[in-house]
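There are 2 protein chains.
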Amino acid sequence: MLRKNINIPSAEVKMENLRKAMQLAGIQACIIPTTDPHIGEYTPDRWKTREWISGFTGSAGTVVITKDKAGLWTDSRYFLQVEEQLKGSGIDLFKTGLPETPAFSEWIASELSAGDCVGIEGEVFAASEAKSLIEFFSGKDLKVRTDFTPYDSLWENRPAIPANPAFVLPERFTGKSCREKIKEVLAEVNKNQADITVLAALDTIAWLFNIRGNDVEYNPVCLSYAVVSEKETVLFISPNKLTQEVAEHLQQQGVVIAGYEKITGYIQKIPAGTKVLIAPSKINYRLYSALSEKCVIKETTVHPADSLKSVKNETEIEGIRNAMRKDGVAMVKLLIDLEKAIENGETVTELDVEEKLQKYHSEQEFYFGESFHPIVGYGAHGAIVHYEATPESAATIQRDGILLIDAGAQYFDGTTDITRTISTGEVSETIKRDYTHVLKGHIQLASAVFPAGTVGMQLDVLARHALWKGGQNFLHGTGHGVGCFLNVHEGPQSIRMNHNPATLAPGMITSNEPGLYLAGEYGIRIENLLLTVKAKTTDFGDFYAFEILTLCPIDTRLIDCSLLSPEEIDWLNAYHQKVYDQLAPLLSQEEKEWLKKRTDL
Amino acid sequence: MLRKNINIPSAEVKMENLRKAMQLAGIQACIIPTTDPHIGEYTPDRWKTREWISGFTGSAGTVVITKDKAGLWTDSRYFLQVEEQLKGSGIDLFKTGLPETPAFSEWIASELSAGDCVGIEGEVFAASEAKSLIEFFSGKDLKVRTDFTPYDSLWENRPAIPANPAFVLPERFTGKSCREKIKEVLAEVNKNQADITVLAALDTIAWLFNIRGNDVEYNPVCLSYAVVSEKETVLFISPNKLTQEVAEHLQQQGVVIAGYEKITGYIQKIPAGTKVLIAPSKINYRLYSALSEKCVIKETTVHPADSLKSVKNETEIEGIRNAMRKDGVAMVKLLIDLEKAIENGETVTELDVEEKLQKYHSEQEFYFGESFHPIVGYGAHGAIVHYEATPESAATIQRDGILLIDAGAQYFDGTTDITRTISTGEVSETIKRDYTHVLKGHIQLASAVFPAGTVGMQLDVLARHALWKGGQNFLHGTGHGVGCFLNVHEGPQSIRMNHNPATLAPGMITSNEPGLYLAGEYGIRIENLLLTVKAKTTDFGDFYAFEILTLCPIDTRLIDCSLLSPEEIDWLNAYHQKVYDQLAPLLSQEEKEWLKKRTDL
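Residue numbers (my numbering), protein chains in the order written: chain A, -12 to 588; chain B, -12 to 588.
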């Protein structure tokens, strides 16, 4: 059936209308970022303003529009895609990360004249970001208006705010009642010498209230804000999300319920002299500036609720161990199918692999959905770090080279995230060497023992040193925090080349995913999730180590054993023994035999 | 000969007089820190105010005096010593680093009442420190006076400002003229969008002007300030330091000379609107506050002159290589003497070792002095990280256990700093295991290869992981920068468990000194100096590595070879081969034979 022609305004028309609105408002430059009012990683359609104006669909980028120019700033991941998508839009591409590219703020300063005004929509900027822009522009004699929000009238058929029902995650999964969590958060707020705190991060709110939702792709959260104080804890959420179950649960836990849009008014009424704890990078500027100047604002880089969320309790840990077994079973079934299909000369594309894995995920108990868009990259596609196969791009797996699979699922009892790079046939010695160097890094980090107080940046080199010695590297982080039936990326901890003051505490789940990407050739990544555990206490204090949560064989056909130390071989054998012991009881005889073979070194 | 009895006022009398001065000035609490107007590591006697009032001679500590209480805050290195030295002083000890110990600022806030005033001598506080104190106290409704300087009248026979002559360090050692360095500093000042900069760090000034002096123990620097701007470069220095040679040199290099005390007046007259670059942690508060409010102050964490100083040029590197050979020869001679003496049952004390090493240092070409007070600790003394042997404490070396020697010298062509831990006879298997773990860390860090942009905190784990795996650790930094005939501790780079944003650049000299300290038993440390060098350039960018500068055998009698990997054994053999090749031509036949034996694994 033919699609009807819908009259979608062209980029030029949109831009013209926006410029008229700018002129009316006395604004000479307008900045449109990628974020939403909750400063999340995935933006609901409602707030894809940058995509609406530019046509660029990447997950990171900023558009700037002046009277006669327009630019889009994005990074190397999107250079190819964005050039295609910007064609005919009248928007110039600015490639961030290149030394010659000015920051968009610098560019604006160079385009505008003293006394001019920059317009932003404060609601979709983190308070920290908006504040630093305001400071920067004021140093350049430029004004900033943070209430420039013309999009509702300019954007025809703008998507509505998501209105999916929320649901309660029972204590058998959360291990702790909402009431207890509120008490803990409040204790931390008081420790920070504050009386009240405002939360806008959806995963933190979902964790705190033991509710989940369906408003954001891959993240089982629901749009809401929250305020916690000695006097009351208020959840700001639309009535259409409040099933009877959720309403009763919140009531039982002593939570006051208010409408989603009531948050601003509530904040404005916080009495003078109240000490308000906020994390400026986790709250939007509109909320931030709604606070009375007579309040005492206590700023924190890491909100204590995020730290509490990141340390999983025993119930959550048991849940994630169970989710990992399910995930391992799904991966084993996929890998067996894939091997067979390749052996039999069947046509298998990257999309087929995605679909099959999702099918095996969905057959597992408590399945809710995928935890992110899977990355399945064969050959050169594996070298594109954020590759997403499309019907047009999807490669057919051949009987040589390697295939990178990075995927995960949301189960009620845990969130998973695994990467395996597998041989699909003949591979060169160079690939084996590279794979083994990545594996060495993976093993070194997994084997780390470290004192209490250690931060991720201190351990990061363990995952990279085998690569660095050969003049290789990977330019993404080594590890991110993972939620419990929550966001697959969470803070506060990370393992990266950059400094992050959050320490690695027992109970945290963090990924271990070194890789190597040779553009046009292949990509390698090996990812397991790690649980920080207590290792020992000595005269030198407490020492921690990692328990490996992920259960799936690491492809031994790609290993050059001569490059591994005896300790590294021992590690691999011990890991594979654990994988076999944990998964075998859940597999058929045939699957067990395959697993036996793939876990033998 | 008997010493005459001099009538030194007791601590009580000094305190009483100080309290009178506080009362007159309307001050309820007075803070006396350890630093001097140049915020250096070693304080000239003139500014040892904290020692004068308290009797405590340690290198770190802060005294606080209120109307009826007095406290001294210092860390665990000094707990034993300070208790002895504070006896009868009326000053209470506050042990920093313990969870129950309040910060001195918190303590002051708890002792004083709203509206009270805290007095400090702005000249001996870093601007950053004073500013944060002022901010803290203002949040507690306390005033701060930064001009409380009663010590000239209270302190009988207060030592004068050091008045030793300066001297010129010729370009054959510095490799670059003063004029060129000024040009480079100015270019960096301009890059920081500033017109002028003020320098107070003595080593930076000595480096910039190619002069040296004798005003501070172990640091070959002379008291001075400097200002660099497009218009002129001014060195503020007392006439009594200006030999004709120095005056002519400065004139030739286009430097304006002014009196040491003229700096404040000069700064006050910097015209309104001038952009002034300063590093608030490297300039005292009095100078900082002398800047007109109409100047635009550009603050930087790391002053660009310090970064320039830290990157050694080819001439400096050749110099340090030469200094290292001399240092190696001195160490070899000492170690041979020591072995013989122990074998022959002679009595050798820790002080004898110090003296002998200093003698061998002093016999080398271009010797100027020691670069710090040597640490020679036998047995349990080795576990005291900052141990200094005294005639009372000096232990006699016995034919069992281990001896730690940490020493260095100042030569015109370089500054050295080495630590070796040697066997003096029988040692237990436990000592060998611990020594080997320290050595493994030393080797892992020395073998590092890392991309441009790496900071010390990223590499630090390499030096610690072998210890961490056994639940051990050392609580000092792994590496500090080292000057070129300048301070043995310099910035900006370091290798530590703490974050420091300074990257490790080619040409920097950094120590590699992991250790292990078991209180009451023994201490182990192995220290070499490392030069950062370019290793390779690949598609992933520039990679750096370390060239080992220090030349002295590592005691193989203490190694448990079964704990070393084949690569680690290769490293040790290659290092020893280099030590032998470099030192043998400078040694006698007998010394060569000893070195051959001690460099065989």
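It should be emphasised that the hints constitute simulated quantities derived from the structure, not laboratory data.
Please note: incorrect hints may appear among the correct ones.
Any copy will do: because identical chains look the same in the list, a pair fits if it lies in one copy or spans two.
Here are the computed lysine-lysine pairs in the DSBU-like style, where the Cα-Cα straight-line distance is at most 30 Å [stated by the list, open to error]: (1) K579 x K130; (2) K419 x K130; (3) K82 x K523; (4) K118 x K178; (5) K163 x K82; (6) K178 x K127; (7) K130 x K178; (8) K170 x K521; (9) K249 x K346; (10) K35 x K320; (11) K127 x K285; (12) K456 x K178; (13) K74 x K170; (14) K419 x K521; (15) K419 x K523; (16) K327 x K583; (17) K521 x K7; (18) K281 x K256; (19) K579 x K285; (20) K285 x K7; (21) K170 x K127; (22) K82 x K521; (23) K54 x K523.
Structure-based check of each hint:
In this homomeric assembly, K579 and K130 never come within 30 Å of each other (Cα to Cα): the closest approach is 67 Å inside a single copy and 75 Å across copies. Taking the shortest alpha-carbon separations for K419 and K130, neither the intra-copy value of 57 Å nor the inter-copy value of 67 Å comes in at or below 30 Å. When the C-alpha separation of K82 and K523 is checked against a cutoff of 30 Å, the pair qualifies only between copies, where the shortest distance is 27 Å, while the shortest distance within a copy is 48 Å. In the homo-oligomer, the alpha carbons of K118 and K178 lie at most 30 Å apart both inside one protomer (26 Å) and across protomers (25 Å), since each shortest distance falls under that limit.
Proximity of K163 to K82 under the C-alpha cut-off of 30 Å is found in neither arrangement, the shortest distances being 46 Å within a copy and 39 Å between copies. For the homomeric pair K178 and K127, the shortest alpha-carbon distance between copies (17 Å) is at most 30 Å, but the shortest distance inside one copy (39 Å) is not. Proximity of K130 and K178 under a CA criterion of 30 Å is satisfied inter-copy only: 26 Å between copies versus 37 Å inside one chain copy. For the identical chains of this complex, K170 and K521 are intra-copy neighbours only, at 26 Å inside a copy versus 54 Å across copies, given an alpha-carbon limit of 30 Å.
Proximity of K249 and K346 under a CA criterion of 30 Å is satisfied in neither setting, with 41 Å inside one chain copy and 80 Å between copies. Taking the shortest Cα distances, K35 and K320 never come within 30 Å of each other, neither inside one copy (37 Å) nor across copies (74 Å). Proximity of K127 to K285 under the C-alpha cut-off of 30 Å is found in both arrangements, the shortest distances being 28 Å within a copy and 15 Å between copies. Within a single copy, K456 and K178 get their C-alpha atoms no closer than 45 Å, and across copies no closer than 34 Å, so neither meets the 30 Å cut-off.
With identical chains, the CA atoms of K74 and K170 are never at most 30 Å apart, being 54 Å at best within one copy and 47 Å at best between copies. With identical chains, the CA atoms of K419 and K521 are at most 30 Å apart between copies only, with a shortest distance of 27 Å across copies and 34 Å within one. Within a single copy, K419 and K523 get their C-alpha atoms only as close as 36 Å, which misses the 30 Å cut-off; across copies the closest is 22 Å, which meets it. Taking the closest pair of Cα atoms, K327 and K583 come within 30 Å of each other only inside a single copy of the chain (16 Å); across copies the shortest separation is 62 Å, beyond that limit.
Within a single copy, K521 and K7 get their C-alpha atoms no closer than 61 Å, and across copies no closer than 55 Å, so neither meets the 30 Å cut-off. For the identical chains of this complex, K281 and K256 are intra-copy neighbours only, at 11 Å inside a copy versus 39 Å across copies, given an alpha-carbon limit of 30 Å. In this assembly of identical chains, K579 and K285 lie within 30 Å of each other by CA distance neither inside one copy nor across copies; the values are 56 Å within and 66 Å between. In the homo-oligomer, the alpha carbons of K285 and K7 never lie at most 30 Å apart, since the shortest distance is 40 Å inside one protomer and 39 Å across protomers.
Taking identical chains as interchangeable, the C-alpha atoms of K170 and K127 lie at most 30 Å apart only when they sit on different chains, with a minimum of 29 Å there against 45 Å within one chain. Proximity of K82 to K521 under the C-alpha cut-off of 30 Å is restricted to the inter-copy arrangement: shortest distance 28 Å between copies versus 44 Å within a copy. When the C-alpha separation of K54 and K523 is checked against a cutoff of 30 Å, the pair qualifies neither within a copy, at 63 Å, nor between copies, at 47 Å.
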